[in-house]
Each structure stands twice: as structure tokens, then as C-alpha cells.
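Using the working numbering, the first residue of the sequence shown is number 79, and each one after it goes up by one.
Everything labelled a hint here was simulated from the structure, so no lab data went into it.
There are no misleading hints in this set.
For lysine to any residue, the following SDA-like pairs were computed, each having C-alpha atoms within a straight-line distance of at most 25 Å:
| # | residue 1 | residue 2 |
| --- | --- | --- |
| 1 | Lys82 | Ala93 |
| 2 | Lys82 | Ala95 |
| 3 | Lys96 | Leu83 |
| 4 | Lys96 | Arg85 |
Beta-carbon label-pair distances, calculated as ranges:
| # | residue 1 | residue 2 | range |
| --- | --- | --- | --- |
| 5 | Phe124 | Ala89 | 42 to 50 Å |
| 6 | Phe80 | Val121 | 51 to 59 Å |
| 7 | Leu94 | Ser115 | 28 to 36 Å |
| 8 | Leu90 | Leu119 | 37 to 45 Å |
| 9 | Ala116 | Arg81 | 49 to 57 Å |
| 10 | Leu90 | Val121 | 41 to 49 Å |
| 11 | Ser92 | Ala116 | 30 to 38 Å |
| 12 | Ile118 | Ala95 | 29 to 37 Å |
| 13 | Leu120 | Cys86 | 45 to 53 Å |
| 14 | Ser92 | Ile118 | 30 to 38 Å |
| 15 | Tyr87 | Ser129 | 54 to 62 Å |
| 16 | Ala116 | Leu83 | 46 to 54 Å |
We treat Cβ as the ideally placed atom computed from N, Cα and C, and that holds for glycine.
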Amino acid sequence: MFRKLSRCYKALQSALAKQRQERMYAGELVLRPWEPSALILLVYIFVFIRSSPRSPY
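All chains should be modelled from the sequences, with the hints used to inform the complete structure.
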């Protein structure tokens, strides 16, 4: 019985760890929403500079 309990506890612990990792990832996404938007902005500016007629490129 004790072995079964310990196995259940280990499974629960691993599930909790996975959930915590997912939550940390979501927290990172919430904490840093400016990173992907900044990337998109950089790409947009780059494309705008490339497509402008007075561009030296």
C-alpha cells in the first residue's frame, strides 16, 4: 500500500511540476508581451525602409 501511495505521489508531483512549467511559460508571455510585438515592429520598419523609394538599398 505504501508503495502504491508513493507512486501516486510521484505521479502527482510530476504532473504538478509540468503544470508549474506551463504556468511559468504563460507568466513569461504575460510579463513580456512587448518582445514579439517589438520583433514585428522591427520587421515592419525593415520592410518599410526597404520598400521606400528613396532607400539606398
